[in-house]
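Given only the sequences and the hints, what does the whole structure look like? Please build it.
Protein sequences, first through last, are from chains A and B. Counting along the first sequence from 1, when you hit position 119 you're at 111 in my numbering, and nothing is skipped either side. Just so we're on the same page, my numbering is the position in the second sequence counted from 1, plus 76.
A portion of the hints provided could be inaccurate.
Dumping the calculated DMTMM-like pairs for lysine to aspartate or glutamate here, alpha-carbon to alpha-carbon at most 20 Å [as the list claims (entries may be wrong)]: (1) Lys117/A <-> Asp167/A; (2) Lys50/A <-> Glu13/A; (3) Lys415/B <-> Asp214/B; (4) Lys151/B <-> Asp297/B; (5) Lys78/B <-> Asp130/A; (6) Lys78/B <-> Glu114/A; (7) Lys117/A <-> Asp130/A; (8) Lys78/B <-> Asp111/A; (9) Lys200/B <-> Asp297/B; (10) Lys308/B <-> Glu282/B; (11) Lys11/A <-> Glu184/A; (12) Lys50/A <-> Asp214/B.
By construction, these hints were calculated from the structure, which means they are not laboratory data.
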Amino acid sequence: MALVEIRDVYKSFQRDTQKIEVFTGLTLDIDEGSFTALMGPSGSGKSTLLNLIAGLDKPTRGTVRVGGAEVSAMSAGQLAAWRSRHVGFVFQSFNLLPVLTAYQNIELPLLLTNLSKKDRNERVKIALDVVGLADRADHYPRQLSGGQEQRAAIARAIVADPTVTLLDEPTGQLDAKSSQEVLTLLQRLNNEFNKTIIIVTHDAHAAERAKTILHLEKGDLIEKPRVATAAR
Amino acid sequence: MKYVQLVLANLGRHKLRSILTIASVALALFLFASLRSVTTTMAAAAQFGGARRLVTLNATGLVFPLPLAYGNRIKAMPGVTGLSWANWFGGRYGDGKNFFANFAVDAESYLHLYPEIVMPADQKQAFLQDRTGAIIGDRLISQFGWKLGQNVTLQGTIFQGDWTFKIDGVYHPTDPAIGDNVLIFHHDYFDERIGRAGIAGWYIVEIDDPAHAPTIAKTIDDLFRNSSSPTKTGTERQFQASFATMWGNVSFLMSTIGLAVVFAILLVTANAMMMSARERTGEIAVLKTVGFSDRLLFTLVMVEAGALALTGAAIGLGGATVLYPAINFNGAGFLPGFKVATSTLIIGALVAVGLMLASGLVPAVRAARLPIVQALRKVE
Chain A
-7 MALVEIRDVY KSFQRDTQKI EVFTGLTLDI DEGSFTALMG PSGSGKSTLL NLIAGLDKPT
53 RGTVRVGGAE VSAMSAGQLA AWRSRHVGFV FQSFNLLPVL TAYQNIELPL LLTNLSKKDR
113 NERVKIALDV VGLADRADHY PRQLSGGQEQ RAAIARAIVA DPTVTLLDEP TGQLDAKSSQ
173 EVLTLLQRLN NEFNKTIIIV THDAHAAERA KTILHLEKGD LIEKPRVATA AR
Chain B
77 MKYVQLVLAN LGRHKLRSIL TIASVALALF LFASLRSVTT TMAAAAQFGG ARRLVTLNAT
137 GLVFPLPLAY GNRIKAMPGV TGLSWANWFG GRYGDGKNFF ANFAVDAESY LHLYPEIVMP
197 ADQKQAFLQD RTGAIIGDRL ISQFGWKLGQ NVTLQGTIFQ GDWTFKIDGV YHPTDPAIGD
257 NVLIFHHDYF DERIGRAGIA GWYIVEIDDP AHAPTIAKTI DDLFRNSSSP TKTGTERQFQ
317 ASFATMWGNV SFLMSTIGLA VVFAILLVTA NAMMMSARER TGEIAVLKTV GFSDRLLFTL
377 VMVEAGALAL TGAAIGLGGA TVLYPAINFN GAGFLPGFKV ATSTLIIGAL VAVGLMLASG
437 LVPAVRAARL PIVQALRKVE
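Have a look at this one:
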């Protein structure tokens, strides 16, 4: 069953006097519980697609639905509330708040819920355990390695149990060992916890960990989704 | 409450900058409270005055004396129930750095007309019987370490020479506008020493009914209109107010300086807040991605601005309120009863709220309106 439904989406940007067309009628489904890698060269629209699914950006035309909700029709206020409940987002450069500890960073999405302090504490501890950072809860981002920072960012993305977890080049700034750890963690989240994961990557090895790989070029899917070899 | 740690963490991001911002707000409001208190204290002093007391001066000005002979003629007027007179002395004690007011009065009638000057009966009696004695406000005891019965010598500045007085009494004023750092001595002794008997600096006229004040004042002035020393009579409140109006431009200057200081600090604080928000563009975009709404981010930035402004205000206004009574400040005698008025605290608090709005609104609106994708593109 499709969790993400993208129907006839157009997206264009205005750069100075030039109009740049990113998508011209993109249609795509992504299933619930899938682990999908979006690949393609720079400027192919991977990150834009991720932003549209996350409700960070709106299509010029067409509809984006996630879990039955029409994200493309929501107001800014509705989108913020929707994101807090349904989207976990991981950035290439981690983007942890430097003034907060790992624990406090992970707790951020839960502050937007009605959970009690005790319940928030429980959830954060579970997330820290899942990503293997239980012993780093009180560390500030500057006291963590790149891999640990990214795992904390993943914990922040999953702590509120979102409908979909989106990752934009999550291994782009990591060394090979840390990349493997992060990708293994993502596979585990998908396999053990049935998390729907969509990852944007340039790295073919990283994409191989996904169950489905989508290739984008100039805003078009250049081939039908194929099942990654390593994930089978 | 759950967002407190986020606000505190952001304020602690640049501890020195936050501390300096709070310190500058505190200093600005301390100065504002101090300068405005000078104005309000002077205005309060101008309100002082018994409803039944008039003051008669030389119409040419306070520094010109009046003949003592006027006294009996004024006293004989209908509606006048009491009379006293005084003369500004302007003596200096020690190196003169610690100025205090001192003047000669007709002791018995003066103390009768000013029941606000309270002292033990035996001390009052000792003073009335001692021609070279003096009474002092209780602040002078703590200021100079003087003791009852001690001789103190003032150097005359208007009336030259060393003038030695025995402290016969220490009074405490029931109205702070009287001043608790004044030395009062006998007019007889003053007359005798200067060798110019028969002059008074001003008269204090007690009347039977406050409602008669305008009529009696006019009668007194009419009586001496064609004499060598015409008079100007008014209520004691008008007399005090004339002193206050002499300070009029100073008050205006002080208010203007106070506002200018606050405005300058406001610019500094606003700049610090905006700089802080600009540095966090990426973080604000991340918080929006997590699901923080525009309204919540607006509120958080305003709370940060408020925490800085209100903490500074509490330190500055609280400091001024506590400090001046603690050091017994009275502006070297020119500002008896000096204190930070409630109205000053209210205005100061409103200034702090204004400061919060002025320094927080721009970054808060900017944070709320920040387009996520463009902001993320800058940090990614």
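Status of each hint after checking the structure:
| no. | hint | verdict |
| --- | --- | --- |
| 1 | Lys117/A <-> Asp167/A | violated (26 Å) |
| 2 | Lys50/A <-> Glu13/A | holds (14 Å) |
| 3 | Lys415/B <-> Asp214/B | holds (18 Å) |
| 4 | Lys151/B <-> Asp297/B | holds (14 Å) |
| 5 | Lys78/B <-> Asp130/A | holds (18 Å) |
| 6 | Lys78/B <-> Glu114/A | holds (16 Å) |
| 7 | Lys117/A <-> Asp130/A | holds (12 Å) |
| 8 | Lys78/B <-> Asp111/A | holds (13 Å) |
| 9 | Lys200/B <-> Asp297/B | violated (33 Å) |
| 10 | Lys308/B <-> Glu282/B | holds (16 Å) |
| 11 | Lys11/A <-> Glu184/A | violated (44 Å) |
| 12 | Lys50/A <-> Asp214/B | violated (78 Å) |
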